[in-house]
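Listed in order, the protein sequences are those of chains G and B.
Under the numbering used here, think of the first position of the first sequence as 1, with each following residue one higher.
Under the numbering used here, think of the first position of the second sequence as 1001, with each following residue one higher.
Because the hints were derived from the structure by calculation, they are not lab data.
This one's a predicted model, so the numbers in the text were calculated from it and none came from an experiment.
It is possible that some hints are incorrect.
Taking CB as the label site, the calculated pair distances span [to be verified]: (1) B:1317 x G:1: 43 to 49 Å; (2) B:1432 x G:13: 49 to 55 Å; (3) B:1419 x G:470: 57 to 63 Å; (4) B:1196 x G:74: 22 to 28 Å; (5) B:1432 x G:282: 30 to 36 Å; (6) G:487 x B:1196: 55 to 61 Å.
We put the beta carbon where it would ideally sit given N, CA and C, even for glycine.
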Amino acid sequence: MNTLLIALLAVPALGAVVVALLPDRRARLVSTGFAAVTFVLSALPILARTDEYSWFAYGPGDGPPMLPWAEVDLPWVPALGLEFHLGVDGISYPLIVLTGLLTLLCCAYNRKGRALAALLLVLEIGVLGTFLALDLILFFLFFEVVLLPMYAVIAGWGGPNRRAAARKFVLYTLAGSVLLLLGVLLVVTSAGTGDLVTLTGAAELSKDTQHVAFVLLALAFAVKAPLWPLHTWLPDAHTEAPTVGSVILAGVLLKMGTYGMIRVGVGAAPEGAGWASPVLGGLAVVAIVAGALICLRQTELKRLIAYSSVGHMGFVLLGIATMSITGVQAALVGNVAHGLITGLLFFLAGTIKDRTGTGSLDLIGGLRETAPRLAGLLGFAAIASLGLPGLAGFWGEAFAVIAAVQRGGPFWLTLAAVAAVGGALTAAYFLRLLRRVTHGPATPAVAAASPAVTRIEWLAWTPLILLTLAVGVVPALVLNDTVEPLANLLGVKL
Amino acid sequence: MTSQAVDHVALLPLYAAAGTAILALLADLFAGKRAATITATLLGALATGVTALAVGPWEPTFCVPGGCSWVPSWPAAVTAALFAGLTAGVLALSVPALRLGTAPAGEFCFLLACSMTGGVTVAYAGDLLTLIVGLETLTLPLYVLVGLRRFAPGERTTTDAASASVTFFLISVISTAIALLGIALNYAATGAVHLGMLGPAPAPFAALAGVGAALLVIGLAFKVAAVPLHAWAPATYDGALVPIAAYLSTASKLGGVLALAAVVARLDTGVVVAALAVLTMTVGNLVALRQTRMVRLLAWSSVAQAGYILAALALGADGVPAALAYAVFFVVLELIAFGVVVALRPAAADGGTLDDFRGAARRHPWLGAALVLALAGLAGLPPGLAGLFAKVSVVGALVAEGWTWLAAVVVVNAVIALAYYVRVGALLYAAPAEDTEHRPVRRPVAAVLVATTIVAVVLGFAPQVLFDVL
């Protein structure tokens, strides 16, 4: 199992090197091959799943704060307190599989040559490393790995304003990650260790340190997630990025922010998180409403989906802010659902934009007249995204609201009520989107576009559609093994 | 007074360095062939590096009760070897220009080897006077090297190099005078010149010693081009041959860092150094944003980088390992950046404007990759892992000592810096201008780039090797 975790990073790394050296025409096949191997590897840790009895053998609260299914712990740079410590548990496992899957689909879908394929694999290393890292400095290191490759993806293959969008993305997110560096180093120097297994629960840190550290970490993750009002890099980046870039960005890169908030923010500074949770919850609800209101006014397809991410991430952060098992579970399932659904939405939006040559809602209309399959898929994805029960998007949003209600008190009840209204607004803008894009007479741009869905496109989209249904019907797929680790993370007695 | 015992083994690296200079002179005199002179100097420089590492830590020599003037320790050996390596690298980068006769090869090699001798002396210096002598030996040949520029018949003659040389000379002399005044005042107050004996002065002289320490730091800050003593750097770098600019930005800066580290570790100069650090990184980064010439951009970025090193040095002795580690990572990455500039420009040409590099990475993917690695490292981001660890070590030291505000200034500056690094990086991959010819990369330049890039990658994955010896 230990070699498995290293292979999970080594295979895409090797793939990136091989793909970069190959001629363009082979790049797609080879990169897809490497991504497929990584995907299979990413699914394997489930085999090492800790038997639940071992948790009960300790009893909640008195066992080790974290019991990864599999881990690797090698010294790397003792001078900086950096260990090569990787591990998988119930919290990170779904995200790791999601990363493997989305990278595989993007590699299969990518028709823009070897450089982009290699960058996708490099991005995968960074994201997987972030989800696997159990050492704070290692976490920071992998968090930084994605920065320049994503910049290159946007700046190299994006739309007309790609330069400015890419620069905004990279500076904004670097500003976030330097705060992460400060926060991480503050925790490491105060606690004397960067090991997340030891730190989770953070008994060693003083209250003040935890407050400062959590503020720094939360700001860093809020930029990445992104949380209103630090979201302004996102719409530009999404609008300009190529389709695969948008899918990876929305599908997995944003999750690094929310995952970090749970694992590092709440994990290493629980008291700080508890202290800051009303602010976090308030901002999350503002994000939900603001995202929805902005979406109602959007006239660009990808921009609209990008802003819808702000709203969805608002629900995820609201779930985290409640600091309850239900809330964080809602956040985890919301994370995965958003990755699946928004990934699918960006695939569809990219295809529509490529076919019609425009993303303007004024110029696209009547899609179902000429391309009924595409219109049907867009309808499915939009409805899943607005949170229809039975599809993946429902659980995260509904239970974030429920967790806020359970937290009780007038403040959290107000938050829950406003978030619920935001959820209704989400439905409003997605229905508006569908009305404008799919209904009515076909516009010239749509009429001229090729209606067929190619085999590669089906191949890339079908897994997302099926998983959206599967997670919608059985959310336990994501949540099965999260209760015990979350109970320990949050210090809750079961 | 007893005469001092001299341990010649401890002095072997110095002998090797000085011998290299003499060898260059003799080779030029007797062989008279450019290739022979260059080869002799290269081998001499490499031998110096190997000797320094082979001798390693040794008994100090030139000792008087209380202190020694020549202290071979691991950090000293490693930095001496680094000086030798940088000299060899810069010499190899200069080969295309020397072949064109832009500078006389014999004089060039001799001066460069002299400068290396100064660097080795700085690395081993155990008292302030040896330190200053070493620094001056390091800098003095550079006044000439900066101005050493011959023009082919018909080539447009400029006085840029000469004026760069004069600027450099004047400011350097003044700052050395300031540093010497600082040493004198400190000596008057404490009676100490040996590094081991430096420390707080007795009560009536505390103020005098404080002024002395501050003057010494300010004088030395010139060598690392710290703001407000930086104005010489961009003009000098841009006026000199690109390899010499590389030497100024790496070896000369490393000498300044070592000297400052020796001083701040023992004298209480935290406030002065912290102020210099904040000014240096902020001004350097902000001005670099506006640059349109490649070497000037690198010059300002190297001013800013000196600021990060100063930030670690503001901690005093606790910050020295981080500062030295940062300096080593930095010079390696900087040498790659300058090496790529040399490789992409015509032989003996200046650094050119940023537009001259448009699309360069499409013609030379490997050079482009090397420059991206260097710039990413300077920005402190993967794939430049060496730079990332450098930044983590400096920020980590600052946070650990409770200087979080200074750490915050450092990281904010890192964000500003990224703006111009990505600008250059993106330009390399932009659509190229029409009339660019494909220029083959000359072999010595390629060799330097390969070697330095390997060092950077190895240090990136195994930085502990470096931390262990510093």
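Within 49 to 55 Å: is that where the Cβ-Cβ distance between residue 1432 of chain B and residue 13 of chain G falls? Hint violated: Cβ distance 30 Å, outside 49 to 55 Å.
Does 22 to 28 Å hold as the CB distance between residue 1196 of chain B and residue 74 of chain G, or does it fail? violated, 39 Å
Looking only at beta-carbon atoms, does the pair residue 487 of chain G, residue 1196 of chain B fall within the given range of 55 to 61 Å? This hint holds: roughly 57 Å between Cβ atoms.
Taking the beta carbons of residue 1317 of chain B and residue 1 of chain G, is their distance inside 43 to 49 Å? holds, 44 Å
Honestly, do residue 1419 of chain B and residue 470 of chain G meet the 57 to 63 Å range at C-beta? violated, 44 Å
Verdict for residue 1432 of chain B, residue 282 of chain G (Cβ pair) under range 30 to 36 Å: violated, 51 Å
In this structure, the earlier hints numbered 2, 3, 4, 5 are contradicted, and the remaining ones agree with it.
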